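Peer 1: Sequence:
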Amino acid sequence: MNPSLCYALVVNGSVYGSQSSRVAFLFAQALIKKGHILKSVFFYQDGVSNGSSLTVPANDEFDLVQAWQKLASENHVSLETCVAAALRRGIVSENEAHQHNLESSNLADGFVQAGLGSLAESMLTQDRVVQF
Numbered sequence: 001m002n003p004s005l006c007y008a009l010v011v012n013g014s015v016y017g018s019q020s021s022r023v024a025f026l027f028a029q030a031l032i033k034k035g036h037i038l039k040s041v042f043f044y045q046d047g048v049s050n051g052s053s054l055t056v057p058a059n060d061e062f063d064l065v066q067a068w069q070k071l072a073s074e075n076h077v078s079l080e081t082c083v084a085a086a087l088r089r090g091i092v093s094e095n096e097a098h099q100h101n102l103e104s105s106n107l108a109d110g111f112v113q114a115g116l117g118s119l120a121e122s123m124l125t126q127d128r129v130v131q132f
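FYI, the numbering for the sequence shown is 1 to 132, going by the working numbering.
No lab work stands behind these hints, which were simulated from the structure alone.
Incorrect hints may appear among the rest.
[As the list claims (entries may be wrong)] The calculated lysine to any residue pairs, modelled on SDA-like cross-linking and capped at a C-alpha distance of 20 Å, are: (1) K39 <-> G90; (2) K39 <-> P3; (3) K34 <-> V129; (4) K39 <-> H98.
On a predicted model such as this, the values are computed, not experimentally measured, just so you know.
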């Protein structure tokens, strides 16, 4: 058996506007099934929409936000949205809402906002970084 590797993923595609987020999720599942370790998923650019608690897919559609949350909680994966990209797109944590005097937040449970330094650290410390 091959030794397991530690992975980080970078997701640039929006939650429902392209296939990249869904493909990234399927790739994450496959990594874990094969015995590899997924440390983090960094959502960047339009990918930050994966962290919105206000996404409501149709009843017959796959709930990708909920799927990321479940995958993360079951496998100890950090789900990080780029704070700058998220704020530009209206994805706001409680902390950022307070800091910017906003009335509410909408960052989904299980997601955190992080800077590019977190992505850089993953690139330096993980065996593989795969971008979608």
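Peer 1: All hints, please: hold or fail.
Peer 2: Against the structure, the hints:
The suggested pairing of K39 with G90 is violated, with an alpha-carbon distance near 26 Å, which exceeds 20 Å. A C-alpha spacing of about 16 Å is found between K39 and P3, which places the hinted pair at or below 20 Å, so the restraint holds. For the hint pairing K34 with V129, the CA-to-CA distance comes to about 17 Å; that is within 20 Å, so the pair holds. Restraint check for K39 and H98: the C-alpha separation of about 29 Å exceeds 20 Å, so the hint is violated.
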